[in-house]
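There are 2 protein chains.
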Amino acid sequence: MRTHYCGDVTEALLDQDVEICGWVHRRRDHGGVIFIDLRDREGRLQVVFDPDREEAFASADRARPEWVLRITGRVRRRPAGTANNNLGSGQVEVLAHEIEVLNEAKTPPFQLDDTDVGEDVRLRHRYMDLRRPAMQQHLVTRARVTSFMHRFLDGYGFLDIETPMLTRATPEGARDFLVPSRLHAGSFYALPQSPQLFKQLLMMSGLDRYYQIVRCFRDEDLRADRQPEFTQLDVETSFMDEGEITELMEQMVRELMHDVAGVNLPDSFPRMTYDEAIERFGIDRPDLRIPMELVTVSDLLTDVDFKVFAGPARDPRGRVAALRVPGGASLTRKQIDEYTDFVGRYGAKGLAYIKVNDPTAGVEGLQSPILKFLPESVVTDILARTGAAAGDLIFFGADRAKVVNESLAALRVRLGHDLELIEGEWRPLWVVDFPMFEYDEDDGRYYALHHPFTAPKTDSVEALKAADPESLVSRAYDLVLNGTELGGGSIRIHRPEMQWAVFERLGIDAEAAQEKFGFLLEALEYGAPPHGGIAFGLDRLVMLIAGAGSIRDVMAFPKTQTGTCLLTDAPAGVDNQALDDLHIRVRRPQKG
Amino acid sequence: MRTHYCGDVTEALLDQDVEICGWVHRRRDHGGVIFIDLRDREGRLQVVFDPDREEAFASADRARPEWVLRITGRVRRRPAGTANNNLGSGQVEVLAHEIEVLNEAKTPPFQLDDTDVGEDVRLRHRYMDLRRPAMQQHLVTRARVTSFMHRFLDGYGFLDIETPMLTRATPEGARDFLVPSRLHAGSFYALPQSPQLFKQLLMMSGLDRYYQIVRCFRDEDLRADRQPEFTQLDVETSFMDEGEITELMEQMVRELMHDVAGVNLPDSFPRMTYDEAIERFGIDRPDLRIPMELVTVSDLLTDVDFKVFAGPARDPRGRVAALRVPGGASLTRKQIDEYTDFVGRYGAKGLAYIKVNDPTAGVEGLQSPILKFLPESVVTDILARTGAAAGDLIFFGADRAKVVNESLAALRVRLGHDLELIEGEWRPLWVVDFPMFEYDEDDGRYYALHHPFTAPKTDSVEALKAADPESLVSRAYDLVLNGTELGGGSIRIHRPEMQWAVFERLGIDAEAAQEKFGFLLEALEYGAPPHGGIAFGLDRLVMLIAGAGSIRDVMAFPKTQTGTCLLTDAPAGVDNQALDDLHIRVRRPQKG
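Heads up: the protein sequence lines correspond to chains A and B, in order. This note's numbering puts the first residue of the first sequence at 1, with every later residue one more than the last. This note's numbering puts the first residue of the second sequence at 1, with every later residue one more than the last.
Because the hints were derived from the structure by calculation, they are not lab data. As the structure is a computational prediction, the values presented were derived from the model and not from experiment. Do not rely on the hints blindly, as some may be mistaken.
Since copy identity is lost for identical chains, a pair holds within one copy or between any two.
Using 20 angstroms as the maximum straight-line C-alpha spacing, the simulated SDA-like pairs for lysine to any residue come out as follows [unchecked claim]:
1) K307 <-> Q514
2) K106 <-> W500
3) K516 <-> R124
4) K334 <-> Y439
5) K402 <-> K516
6) K516 <-> A572
7) K516 <-> G573
8) K355 <-> V461
9) K465 <-> E338
10) K106 <-> E522
11) K349 <-> G318
12) K516 <-> T564
13) K465 <-> D287
14) K457 <-> D433
15) K355 <-> L421
16) K457 <-> P359
17) K457 <-> Q16
18) K106 <-> R132
Start from the sequences and build out the full structure, keeping to the hints where you can.
Encoded structure:
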């Protein structure tokens, strides 16, 4: 129906006849002539209607925004001084000979150029929202990312293999979406949270290298920027150790960023242990673009009278840490109060600080409500250890280590943005040597920090059984980019006796292990190869690359924070017959 | 952990040291030496252990089938006369220097070489079944097919765009799988039967060219070779008519078959109308490799006394058709009885036939129980019209047209295989000009033959409203290969008034249309472009290309005919808390 996309009509086509199809982006009369900006996926093109072509002129005169037109005409250079250098097609226009109205349109619910439209309206009329060039570009970027992944992994002999969506509920994970079975009354499928066990089974099947770009599901309360269904690039390989896997995946990400975004990542991504990341940044996915670090000062404070510091400093599970903010001395009282509220959300009970006006002038050069509680020598040591310079400010966190780490990690990122301290564009990082287990105080038990199939560093079942659970380190690795976790993976357990031992340390007894993971434990008995893999969160990766403001902006049809599709109005009620067929009934919420 | 795949070790590596990993396929002692055939995804390799390397020899001596080994050794030529020309690595062997047992294995539940293992056992131990080279090859073929599709469609500017899996129930389709919502009590998501409406909405969003290799779901009773979840290649494009779409898709299939299977399909696929396909083959997906056709003989039989023929011959909804079977005169009475039973499954009440021993000898040259009921001139006309030759047999179908078509279509395929009449390897066909509507006698209403969004050939809403529903032809097209429907699609309705009119003809009133399809009808009001597309069944396509016996053999983890995963034992019961969270209860089947 057309010879060219609107955006592809350039000076190379001067004096040629073209046929184009698209949407009326704007129509205006000017000096008895009608101008229509016609828009398609590739761009916009100015079309001119002269009154001497009566029929075409009359149709153009009727046309309104978002009408769909097919136009035949000749490409000509725009008159001098009227070129639009912002458009690829901005040097030319098309003089229309014929016009066909392919469809009319009602007045749009919002202007495509309007950047201040509520997200609910955008989602309800998603077919309009997706006509915006920026939104189309996000989806184009997403398609380029997945296309690159297919090419890269196909090239390295990875097989794209599909795993089931109707599967068995995952114990030990987040809440599953369930699907009632019609043929098996009272039984349910679960939608996969990840293809973890299936990809391990594929390795046990000898398929050697697997990948899949796959939808995953979690029925969790949706925090900002989470979706009930999300997509991951899932990779698994046999006979490779963590060095080989991370090297290959690093190469993929490096080439991907170059190919899709023109970004040059470093030749070798830095590595950092989990312990170091927590110590220096309070978090296992530090944004290395922010030139601030946490500095432990507990040892300097164990003997001070100031209980707020001395208590956590003496507590083995406590921490006192300082965060030097370059130039932070200019922060106002009001700003500091706001940051105090901010860290309060992470459980911090306050936010002590010292403003450093002149570090050479002793306490006279400082300004702080806590100076009176601290010996001068301690203050001097803190200044020296943090490297404070004139004009800096030092914030303190003093509490259980978890609270200090979470609050100062968040504060660090917030300050980095607020004070525009961010350096460099892209800072990737591998975080390694994660703990195997994490104690949950509420449940009074250990959980696997990654998942229960992650291999420990030790090959010895006896060592695993004997060690302090908190001291055990796993063969897991996370790839972090600018403070976002792009992906995470591990070497998996491939010997049945080690898997049993890990279940035991997680407090899963033999009967429960058999009930929940019997098929995996059995498969491990039949010659499982050493294997490992990784999964990347596609939505977040594309969001970073596309520079989108939310993951909803890189998904065609996302859901709201209550899991609703405003366009189709899903979820919805269904008729009783359907429920009868599935052997279920709706249980109405009880009042009162 | 290795330098080469087992299957990649060839004479090019003679006298080099290699490291290989894999499974013990076979182990044997011969003349004091141990031979292990080591297997990985790429093939098998013979490894030799000499007793003078004591440690390696002892480990090799312990090894059993399916143990996982890592071996270091030197490649050498096999002794004269011991080469295995069936293996890529069959000219060489590896003299082992070192061996590492990566994992042991219990005695496998079945021998990988055993071709006579029950499917239940194979599915229960799928990780063993998938170690068979044939099964691995099927999954490799599948990966090559999807890889090709990505490359082809990316190359033509199609965007790989994901559509939701948690969506709204589809009225007018098969039964949906439902997913109870936790956040919206009493509401349900449905898993998509296809992304039909979303891909149309993407066209209305101006995204121009879309594709997706996407999981789809139907909660139907599973006939042989159906799966509750299946995969389709889903394509949609704007501003292309059916000629352009089928041409591009034909090119894709042609290049795909060449690239993946080395098959050369014709430069231009033949086209046939739905009516012609039904007339000549009784079915809209004829296998053109079978050189037999149905021939209508109703007009010759309206006046005969033989009611079995005359009744359907006179009935406007009846049909009498002949099927000439080349060489069929050699069929025995017992065989003919079996075919009679066979067509009975399709509702045929009998299977009349005439054996043609000598077509020049009048009725003397024929053999048939029905000759006595038919005038000789009629018999002569039938012989002439069917082109019967000596040694042929003519079968007859006489009943309602639907019964005749279905039974003779099935009989034709069965005879084609039984009598080895199949000619040529690959015979593609486009079937076009489908009816818009199909009357369902049970429900007493019309249904859309494809789906209710399929455009009619007429652009006139008035013509659509006025015409006999059975006379209306759609802009749908199906691609058939060797009697299998590979894909089907259509140009869609893009004007709201036409969509309303089609709903009306389907007996869907305005209120129901608004309730079920309101968002689509609204989207059509805002400038929907002309658009159309197609969907290919990936599982079946791969099955054809791979020469697999069932679609289960081209899926990594298929389900049984009752929708069970024998490996993971899904679906399964869930605890009451999970059901409470979802606001549902299981309704136990009522006894008696």
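Does the structure break any of the earlier hints, and which numbers would those be? Failing hints, ascending: 1, 4, 5, 8, 9, 13, 16, 17.
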